[in-house]
Amino acid sequence: MQKKEPRLNGGRAGALLAPYSLWSLIFILVPLVFVAYYAFTDESFRFTTENITRFFTATSNLKADDGTVSEVRTYLVIFSRSFKLALISTLICLVLGYPMAYIMARAKVRTQKTMMTLVMIPMWMNFLIRTYAWMTILQDTGILNNFLTGLGLPVVRIIGTETAVVIGMVYDFFPYMILPIYSIMAKMDVKLLEAARDLGCNGFGVLKRVIFPLSLPGVISGVTMVLIPSISTFYISQKLGNGKFFLIGDAIEGQYIANNLHFAAAIAFIMMVILLVFMGVFRYLTSKVVSGGE
Amino acid sequence: MLLAYCFFILPAQAERGAIMEKIIELKNISKSFDGETVLDHISLDIYDNEFITLLGPSGCGKTTLLRMIGGFANPDEGDILFMGERLNDTPPHKRNVNTVFQKYALFPHLNVFENVAFPLRERGVKKAEIKEQVMKMLSLVMLEGFAERSVTSLSGGQQQRVAIARALINHPKVLLLDEPLGALDLKLRKDMQQELKKIQKSTGITFVFVTHDQEEALSMSDTIVVLSEGRIQQIGTPTDIYNEPVNAFVADFIGESNILDGVMPENFKARFSGHTFSCLDKDFAPGEPVDVVVRPEDVDIVPKDEGMLSGVVTQVTFMGVHNEIIVDIGGFKWMIQTTESVNVGEHIGISLDPDAIHIMKKSKYSGVFGDYSSYSNELDELSDPGGEE
Numbered sequence: 001m002q003k004k005e006p007r008l009n010g011g012r013a014g015a016l017l018a019p020y021s022l023w024s025l026i027f028i029l030v031p032l033v034f035v036a037y038y039a040f041t042d043e044s045f046r047f048t049t050e051n052i053t054r055f056f057t058a059t060s061n062l063k064a065d066d067g068t069v070s071e072v073r074t075y076l077v078i079f080s081r082s083f084k085l086a087l088i089s090t091l092i093c094l095v096l097g098y099p100m101a102y103i104m105a106r107a108k109v110r111t112q113k114t115m116m117t118l119v120m121i122p123m124w125m126n127f128l129i130r131t132y133a134w135m136t137i138l139q140d141t142g143i144l145n146n147f148l149t150g151l152g153l154p155v156v157r158i159i160g161t162e163t164a165v166v167i168g169m170v171y172d173f174f175p176y177m178i179l180p181i182y183s184i185m186a187k188m189d190v191k192l193l194e195a196a197r198d199l200g201c202n203g204f205g206v207l208k209r210v211i212f213p214l215s216l217p218g219v220i221s222g223v224t225m226v227l228i229p230s231i232s233t234f235y236i237s238q239k240l241g242n243g244k245f246f247l248i249g250d251a252i253e254g255q256y257i258a259n260n261l262h263f264a265a266a267i268a269f270i271m272m273v274i275l276l277v278f279m280g281v282f283r284y285l286t287s288k289v290v291s292g293g294e
Numbered sequence: 001m002l003l004a005y006c007f008f009i010l011p012a013q014a015e016r017g018a019i020m021e022k023i024i025e026l027k028n029i030s031k032s033f034d035g036e037t038v039l040d041h042i043s044l045d046i047y048d049n050e051f052i053t054l055l056g057p058s059g060c061g062k063t064t065l066l067r068m069i070g071g072f073a074n075p076d077e078g079d080i081l082f083m084g085e086r087l088n089d090t091p092p093h094k095r096n097v098n099t100v101f102q103k104y105a106l107f108p109h110l111n112v113f114e115n116v117a118f119p120l121r122e123r124g125v126k127k128a129e130i131k132e133q134v135m136k137m138l139s140l141v142m143l144e145g146f147a148e149r150s151v152t153s154l155s156g157g158q159q160q161r162v163a164i165a166r167a168l169i170n171h172p173k174v175l176l177l178d179e180p181l182g183a184l185d186l187k188l189r190k191d192m193q194q195e196l197k198k199i200q201k202s203t204g205i206t207f208v209f210v211t212h213d214q215e216e217a218l219s220m221s222d223t224i225v226v227l228s229e230g231r232i233q234q235i236g237t238p239t240d241i242y243n244e245p246v247n248a249f250v251a252d253f254i255g256e257s258n259i260l261d262g263v264m265p266e267n268f269k270a271r272f273s274g275h276t277f278s279c280l281d282k283d284f285a286p287g288e289p290v291d292v293v294v295r296p297e298d299v300d301i302v303p304k305d306e307g308m309l310s311g312v313v314t315q316v317t318f319m320g321v322h323n324e325i326i327v328d329i330g331g332f333k334w335m336i337q338t339t340e341s342v343n344v345g346e347h348i349g350i351s352l353d354p355d356a357i358h359i360m361k362k363s364k365y366s367g368v369f370g371d372y373s374s375y376s377n378e379l380d381e382l383s384d385p386g387g388e389e
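Order-wise, the sequence lines are chains U and G.
Note that my numbering has the first sequence beginning at 1, numbered continuously upward.
Note that my numbering has the second sequence beginning at 1, numbered continuously upward.
Hints in this document: simulated from the structure, not taken from any laboratory.
All C-beta atoms in this analysis are idealised placements derived from N, C-alpha and C, irrespective of residue type, glycine included.
Where hints are given, some of them may not hold.
To be verified - Cβ pair distances, simulated, as ranges:
no.: 1; chain 1: G; residue 1: 83; chain 2: U; residue 2: 96; range: 42 to 50 Å
no.: 2; chain 1: U; residue 1: 96; chain 2: G; residue 2: 149; range: 37 to 45 Å
no.: 3; chain 1: G; residue 1: 81; chain 2: U; residue 2: 286; range: 54 to 62 Å
no.: 4; chain 1: G; residue 1: 297; chain 2: U; residue 2: 287; range: 36 to 44 Å
no.: 5; chain 1: G; residue 1: 145; chain 2: U; residue 2: 287; range: 20 to 28 Å
no.: 6; chain 1: U; residue 1: 110; chain 2: G; residue 2: 191; range: 23 to 31 Å
no.: 7; chain 1: U; residue 1: 203; chain 2: G; residue 2: 81; range: 24 to 32 Å
no.: 8; chain 1: G; residue 1: 132; chain 2: U; residue 2: 183; range: 38 to 46 Å
no.: 9; chain 1: G; residue 1: 131; chain 2: U; residue 2: 203; range: 47 to 55 Å
no.: 10; chain 1: U; residue 1: 12; chain 2: G; residue 2: 132; range: 48 to 56 Å
no.: 11; chain 1: G; residue 1: 149; chain 2: U; residue 2: 16; range: 31 to 39 Å
no.: 12; chain 1: G; residue 1: 132; chain 2: U; residue 2: 24; range: 21 to 29 Å
no.: 13; chain 1: G; residue 1: 132; chain 2: U; residue 2: 77; range: 54 to 62 Å
no.: 14; chain 1: G; residue 1: 131; chain 2: U; residue 2: 25; range: 47 to 55 Å
Claimed, not checked - Derived lysine to aspartate or glutamate pairs resembling EDC-like cross-links, with alpha carbons at most 16 Å apart:
no.: 15; chain 1: G; residue 1: 94; chain 2: U; residue 2: 253
no.: 16; chain 1: G; residue 1: 362; chain 2: G; residue 2: 222
no.: 17; chain 1: U; residue 1: 239; chain 2: U; residue 2: 253
no.: 18; chain 1: G; residue 1: 103; chain 2: U; residue 2: 194
no.: 19; chain 1: G; residue 1: 197; chain 2: G; residue 2: 222
no.: 20; chain 1: G; residue 1: 269; chain 2: G; residue 2: 288
no.: 21; chain 1: G; residue 1: 22; chain 2: G; residue 2: 45
no.: 22; chain 1: G; residue 1: 282; chain 2: G; residue 2: 244
no.: 23; chain 1: G; residue 1: 173; chain 2: G; residue 2: 21
no.: 24; chain 1: G; residue 1: 136; chain 2: G; residue 2: 148
no.: 25; chain 1: G; residue 1: 27; chain 2: G; residue 2: 50
no.: 26; chain 1: U; residue 1: 108; chain 2: G; residue 2: 34
no.: 27; chain 1: G; residue 1: 103; chain 2: U; residue 2: 189
no.: 28; chain 1: G; residue 1: 269; chain 2: G; residue 2: 252
no.: 29; chain 1: U; residue 1: 208; chain 2: G; residue 2: 122
Construct the complete structure from the given sequences, taking the supplied hints into account.
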């Protein structure tokens, strides 16, 4: 049943890998080292942890809706806000994308192709344009509200709210959730589903005990591919949130534009570490679900 | 054919019926996919505790029939009864039937223990009991000590055993096996045949076995059902099927056969290849055209002048226990299996005992199989669908 992959011998494999190793070195490893280097140095490139501590300790005054002012840790608030919005968007993408990927994978080949194209089409457009499109839809005098007032319904205020930011994120990153889940589900052996039914599972049992555990690698990459860009996005929050929801991406951009490269690098570095830890825990938990049986 | 059917098949059926009770009845089942008929009015009774094999070439409908019993396909027409109750609309998980799938369909995310425990967990059996039952089942299929192994690390034969253990742990009334040995190599296949037979005997579960391999069918089954083009050609014990094939299809499909055109001038007489032979068949109309089957091992080689027929040897293949020779007799190439040694080009005579000749009614399969003029072992292997890889 298992076919052994023919293995290249060491020397030749190394030679073939060389361009890719070089590529990874220049475009992945070196920039990361630079980010870390900047994060731990000051203007004159002396070692310091000040940038890191600043992320955790900087404070500012936050004015709540009822007018009370409280002192908060600036970047922790920004980060938790980013994380919250990104998590909500990721969850929505998952809840919408998982069933859709399943339906796609079980549909006729032609339907599959059509659905795939429909998912992909928005990705062919520049995401700035897509975001502007959502602005015109969601604005107070936009398409949605014109439609609602046309029906005699009251105007809804969406633009400038967290909802608008979440809508933008879900719309932009949805394909990244569907594609990995779909590709795993399409490969899934139908016989396994039949075997589960044969052995006593009803439809829900098959989903819970076979389809879901087997699709988890797709879910993990989907979640990763949606969570990470949505946590670091700045454009969507600026345009759809009217700049009211300062996200971690905005913070990095702002520091960069203000020429605080070292602090910008520190924020990016901390975010990377937090995300790595989060994804590690997520992977660990999901792998327990898979192998644990019950 | 009908008379032959009554004579040879009905006693077998009656005998089965007398000892055992019907567990599955298929009544007048038809099914077509995209306008192509896959099953054409199939009726079949499956008895408790028997090892029954659905045998036929690929595309004969045997797998579809099996899937219907398992609940994965629905008949367009006809009924499936399980212990007297109509089963058509019962979903697979509510049927007291389990399947061993063609490529095992083991759950790759679960280890051996969890694969076998799968049905028990679904039923909410207590932990201690699950452990006990799974271990018992693993020892039945001789996989003790493999419980914690990942199923993907197992060999084909071991995966096969896990699949059998998993399908048996619910103690189904019927076990369906869909070409389960197809992916194993020859030696392992022979061992598994013995073992499956042993498991079937010791558990008393009815086995419905699907295969295209006639040797496998002959060596394992209590009953063989030969299918072709969505129709049952013959039902019977392995000896019935081999010795008394009802038509040219069955004769050709099961073992090697020389199938000749002939007529029955009177009872116990058959005329073919320009000679009139004594035979044991009767009840044909005088002068009725028939198909004559002579198995290669039933032909006696005699000196040229003493033979009923004679011809020239055109090919000799050494097969180990015997020689397989092709003889041209009046333009028809016969296959003969003999322990005697002859040479290519030799002129030999052949003699046939009355019980070596089997007479069949003409059918739509008459004349389609020809003689052994284009025969070679190699070709036979190549045309064997899904055989050894």
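Flag every earlier hint the structure violates by its number, smallest first.
3, 4, 6, 9, 12, 15, 16, 25 and 28
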